[in-house]
Amino acid sequence: MSLLRVDRSRIQHFDWVFAGLVVGLMTMGLVNLVSAAASGVEGGSDIVSRQMMVIGLGVFVMGIVIVVDYRHYDRFAYFLYAGCMALLILTLAVAEETRGARAWLFSGRFQPSELSKIGMVIALAHYFGRTPPSSIERLRDLLVPALIVAIPVGLIVLQKDLGVAVLTLLIGLTLLPLVNVPSRAWFGMALFGAAALAALWQYGLKGYQQERILGFLDPSRDPLSSGYQQMQSKIAVGSGGLFGTGWQEGTQTQLRFLPTQHTDFAFSVLAEEWGFIGSMMTLGLYAAMLFWGLLIARNSKDAFGAVLAIGLVGTLLWPAAINVAMVIGLAPVIGVPMPLFSYGGSALLSAAISIGLLLNISMRRYVF
Amino acid sequence: MNEPFGETRLSHHADGPGDIRLWPVALIILVIFGVFAFRLFHLQILQGESLASRSQANYVRIVRLEAQRGAIVDREGRTIAASRLAYDVDVIPHEVQNPWRTYSVLGEILGRDPGELSEQVGQPRGRRRFQSVTLAKDVSEELRAKVASYRYALPGVELVRQPLRDYVYDGMAAQLLGRIGEIGTRELAKEAYADYRSGERIGKTGLEATNEQHLRGRAGGENLVVDVAGREIDKIDMIEPTPGGRLVLSLDLDLQRVAEETFRRPAPDPPLVDEHGKPKPPPVDYMGALVAMDPRNGDVLALVSAPSYNANAFAGGVGTETWRDLNNDTWRPLRNRAIAGVYPPGSTYKAVVAAAGLAEGVIDATTVVTCPGHFRLGRRTYRCWKRAGHGPVNLEQALAGSCDVYFYELGKTLGVETLARYARLFGLGRTTGIPVRGEVGGLVPTPEWKMRTRGERWIDGETISLSIGQGANLTTPIQLAVAYSVIANGGDVVEPRIVLRRETWDGEVISEEPAIIRERGVIAPAILEIVSKGLLAVVGPGGTGRRAAVPGINVAGKSGTTQVVSLDLIEGLEPKDVPIKYRDHALFAAFAPVEAPEIVVVAVVEHAGFGGGAVAAPMVQKVLAEYFRKKEERVPSEFAAIMISPPGEAGGRPSLFVGALDENALHAEAFGTQGLQ
Numbered sequence: 001m002s003l004l005r006v007d008r009s010r011i012q013h014f015d016w017v018f019a020g021l022v023v024g025l026m027t028m029g030l031v032n033l034v035s036a037a038a039s040g041v042e043g044g045s046d047i048v049s050r051q052m053m054v055i056g057l058g059v060f061v062m063g064i065v066i067v068v069d070y071r072h073y074d075r076f077a078y079f080l081y082a083g084c085m086a087l088l089i090l091t092l093a094v095a096e097e098t099r100g101a102r103a104w105l106f107s108g109r110f111q112p113s114e115l116s117k118i119g120m121v122i123a124l125a126h127y128f129g130r131t132p133p134s135s136i137e138r139l140r141d142l143l144v145p146a147l148i149v150a151i152p153v154g155l156i157v158l159q160k161d162l163g164v165a166v167l168t169l170l171i172g173l174t175l176l177p178l179v180n181v182p183s184r185a186w187f188g189m190a191l192f193g194a195a196a197l198a199a200l201w202q203y204g205l206k207g208y209q210q211e212r213i214l215g216f217l218d219p220s221r222d223p224l225s226s227g228y229q230q231m232q233s234k235i236a237v238g239s240g241g242l243f244g245t246g247w248q249e250g251t252q253t254q255l256r257f258l259p260t261q262h263t264d265f266a267f268s269v270l271a272e273e274w275g276f277i278g279s280m281m282t283l284g285l286y287a288a289m290l291f292w293g294l295l296i297a298r299n300s301k302d303a304f305g306a307v308l309a310i311g312l313v314g315t316l317l318w319p320a321a322i323n324v325a326m327v328i329g330l331a332p333v334i335g336v337p338m339p340l341f342s343y344g345g346s347a348l349l350s351a352a353i354s355i356g357l358l359l360n361i362s363m364r365r366y367v368f
Numbered sequence: 001m002n003e004p005f006g007e008t009r010l011s012h013h014a015d016g017p018g019d020i021r022l023w024p025v026a027l028i029i030l031v032i033f034g035v036f037a038f039r040l041f042h043l044q045i046l047q048g049e050s051l052a053s054r055s056q057a058n059y060v061r062i063v064r065l066e067a068q069r070g071a072i073v074d075r076e077g078r079t080i081a082a083s084r085l086a087y088d089v090d091v092i093p094h095e096v097q098n099p100w101r102t103y104s105v106l107g108e109i110l111g112r113d114p115g116e117l118s119e120q121v122g123q124p125r126g127r128r129r130f131q132s133v134t135l136a137k138d139v140s141e142e143l144r145a146k147v148a149s150y151r152y153a154l155p156g157v158e159l160v161r162q163p164l165r166d167y168v169y170d171g172m173a174a175q176l177l178g179r180i181g182e183i184g185t186r187e188l189a190k191e192a193y194a195d196y197r198s199g200e201r202i203g204k205t206g207l208e209a210t211n212e213q214h215l216r217g218r219a220g221g222e223n224l225v226v227d228v229a230g231r232e233i234d235k236i237d238m239i240e241p242t243p244g245g246r247l248v249l250s251l252d253l254d255l256q257r258v259a260e261e262t263f264r265r266p267a268p269d270p271p272l273v274d275e276h277g278k279p280k281p282p283p284v285d286y287m288g289a290l291v292a293m294d295p296r297n298g299d300v301l302a303l304v305s306a307p308s309y310n311a312n313a314f315a316g317g318v319g320t321e322t323w324r325d326l327n328n329d330t331w332r333p334l335r336n337r338a339i340a341g342v343y344p345p346g347s348t349y350k351a352v353v354a355a356a357g358l359a360e361g362v363i364d365a366t367t368v369v370t371c372p373g374h375f376r377l378g379r380r381t382y383r384c385w386k387r388a389g390h391g392p393v394n395l396e397q398a399l400a401g402s403c404d405v406y407f408y409e410l411g412k413t414l415g416v417e418t419l420a421r422y423a424r425l426f427g428l429g430r431t432t433g434i435p436v437r438g439e440v441g442g443l444v445p446t447p448e449w450k451m452r453t454r455g456e457r458w459i460d461g462e463t464i465s466l467s468i469g470q471g472a473n474l475t476t477p478i479q480l481a482v483a484y485s486v487i488a489n490g491g492d493v494v495e496p497r498i499v500l501r502r503e504t505w506d507g508e509v510i511s512e513e514p515a516i517i518r519e520r521g522v523i524a525p526a527i528l529e530i531v532s533k534g535l536l537a538v539v540g541p542g543g544t545g546r547r548a549a550v551p552g553i554n555v556a557g558k559s560g561t562t563q564v565v566s567l568d569l570i571e572g573l574e575p576k577d578v579p580i581k582y583r584d585h586a587l588f589a590a591f592a593p594v595e596a597p598e599i600v601v602v603a604v605v606e607h608a609g610f611g612g613g614a615v616a617a618p619m620v621q622k623v624l625a626e627y628f629r630k631k632e633e634r635v636p637s638e639f640a641a642i643m644i645s646p647p648g649e650a651g652g653r654p655s656l657f658v659g660a661l662d663e664n665a666l667h668a669e670a671f672g673t674q675g676l677q
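Chains X and C supply the protein sequences, listed in that same order. The first sequence begins at 1 in this note's numbering and counts up by one. The second sequence begins at 1 in this note's numbering and counts up by one.
If you're looking for bench data, these hints aren't it; they were derived computationally from the structure. Even glycine gets a Cβ: it sits at the ideal position worked out from N, Cα and C. Fair warning: there could be bad hints in the mix.
Capping the alpha-carbon separation at 20 Å, the derived lysine to any residue pairs in SDA-like fashion look like this [what the hints assert, rightly or not]:
id, chain 1, residue 1, chain 2, residue 2
1, C, Lys146, C, Gly111
2, X, Lys160, X, Gly204
3, X, Lys301, C, Trp23
4, C, Lys190, C, Asp227
5, X, Lys206, X, Lys301
6, C, Lys235, X, Glu249
If you anchor each label on the Cβ, the simulated ranges turn out as follows [claimed, not checked]:
id, chain 1, residue 1, chain 2, residue 2, range
7, C, Thr185, X, Gly207, 41 to 49 Å
8, X, Gly207, C, Ala57, 44 to 52 Å
9, C, Asp234, X, Leu30, 26 to 34 Å
10, X, Leu242, C, Ala194, 53 to 61 Å
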């Protein structure tokens, strides 16, 4: 088993369906971005070309990820994990505060927390690959996986990047249904979780973050910031109707009533201009991609690959879920972009790694 | 399990024993995307329409385009009140990117404290941050250019144009034109203002008020597509505002200007000093009113109420302080004295009494009364103003010398009821109908009136006072002008006409105001001719009104001096020591030329301190002189026009017209030839 073994059978087993779904989603995202950029948001003219460059970079990264047999990631799982944690700590130490968070390196171009999600998933898959989740029946057996999740979440909370912290936690929790822990244990954990949330609210959240969540619960509370943004987003989505206003015809988008429309509210642009039909098609495509990811898990030849695939589906599911929920007014405004769809380098590269790993697992499903 | 994502046995794989349950994750995905589908259906299909209308409310802004208020012009089409575009400096808080720089630069330009500006704008939230705050109203052109040059450096600062009333000759005929101001809540509640919005400017007084509907115009509007910052992106549609109509007045600007100047007291030379040698403020201008009117049709040619005020100060909205000052000013500049000031007519009333005596057959032109300087009724003695007496006088002499005794005698014979009846025939004691808000009716006293208002019986002595225009007699200057018009035009009571016609803003005639004769032939022309002859003598050599004489024109007139308080109060005081409010009013009423009167002028000077012949007559004289000077000037120009019109005759001697125009001919010839060169 050489490190870089890409023979004919690998190419033969390349998962064209999954890749096709991904390309379809990214194409829609790009078409949508062109419209959002046309409204004259700041740096609008550069946005599209920059996104194309990032996509190119993503394909490159994806290629590197695919070439290496995924079982090598199993072997170096804790190294990779430790490396990600070191990056998070480094970020905490050197990053300057932007928009209230210390989450970015290289003057705002690189977000280590995006990478650490995947490092965490690999470490979890490594652990569950050796300790089958179905054999875990006591809460205390979850101590190691809990630690694997808690360390990055804690570090990201310290970075004051609430959105990504919640996201990382949710991705970690995706694997929980796999274990056989009885219900009363879950009850106890729910209690603990509630206490932790309360503590987080009190000590972890800044005033404006609390405001955002309160503003979500009661939009009339502060129409200026998050409630106002969400209101504009709901108006945009709703005014799309069945067929939408047409590409580059959405008034909420083109007259910039939509906030951050190329990143966080990219889906509103789609919903306004393509209507119910367009948004359902996009969501359908996205769901199909996720289900296909689960199929990859099912067909994986080993437990590490299966758990890893589920975790990777989690890295694609949760940002999209939070983003769409925020856009259609089901969740508070937290700056999480929609993977493969929104503008943004870090998120796209992170998604590219996830996609690359899933393709990796998929194309090696018959390898023994 | 046969589900695709059911429990998967991985035991057949090389290193992966154990079960991986996939269905919980699949369920999570299904639930999440199912909820999204429902939510999208709810938002886009069920609420789609209402949210789409909210989206429209976001980006469509209806902007009202204010109509320019119609111009007010004089009879020759010269603009008195115009509408011009004023520029305000506004700030849209949301668009200000660098408040500190914005306000310090603006403060520099406007000459205000940056902190104060910043405070005025504040930090509005929500939609209000898109609403502009006005920092300076009606800025100068220079300032406007400065602000405009910073346009790109100071986002959020805007110059907003809006029409503003501009009284071209500030203060001229101010009370007649009236004021405009923001509509009040009480007016908004009225049916007449149903289609007005709060904040709109309406005519509050004067012609601005009575012609509100004509001058207002119709506001237009436009539907704009605006972006989130409120910037105009596109225009959906637009309805042009229709400017308000033109109002053509009967006023003659030249005459009005001359008339107003007569009330200006010249600065004393050398300047006044008080007993300590310190300079004293110059005397205030004369207070009073002047009306010049065409007796044939009631056209008001000039209408002055002095003192006046700065009309443009009101146009931009007047501060409460200025308003209070003007309203409480001792001299009441806001009141239109020509139609709302009431004065005892004094000796000007004698013309009416004379007409009554002649019409009743009590006297004729030859009736002679001997004036010993006083008149006795019962135990009281009524003095003639000329203590030495006028001796035997006929009507003409009585009018010319303003002999009181003649009229005491006549009044006593006629009786109070007859006097009142004739006063009313002349249009006194009721409003003249001039279409300007705020006219008062004056008072023609009768025993019945006295009983009703004071519950006292009439005393015969009051009739004596009445017959020389004193006592409870109260007239407005415009009423006197109407009364003298009756004499001038041979017996018709005219209704003063101030508006000649209404035109659209671009000069199309909408309606013409007809000249209205209220009553015809109230007094026989023969009688009025006798009175006119007497009034002609007043202005003649030796008459009390000789200072009203205009060379070459036969002017008829009558002076009047009315006491404000009983003589006992000021007995023994030098004229200059009498407190102003105790000083006499001076009046003069005149018309000319006697043979075919074209103009009636009435001047009233409050507390002049001297008689009508001394103060008011020269004022009337100046107005009459201007009128006839203009008339003389006009004739040759008309003549020139006639002369030019037939082609081929240019340069030909217009001998045909020379004879016809006699003394104007030389002017005409000179003008005509000059015009042709």
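Hint check, failures only: Structure breaks hints 4, 5, 8 and 10.
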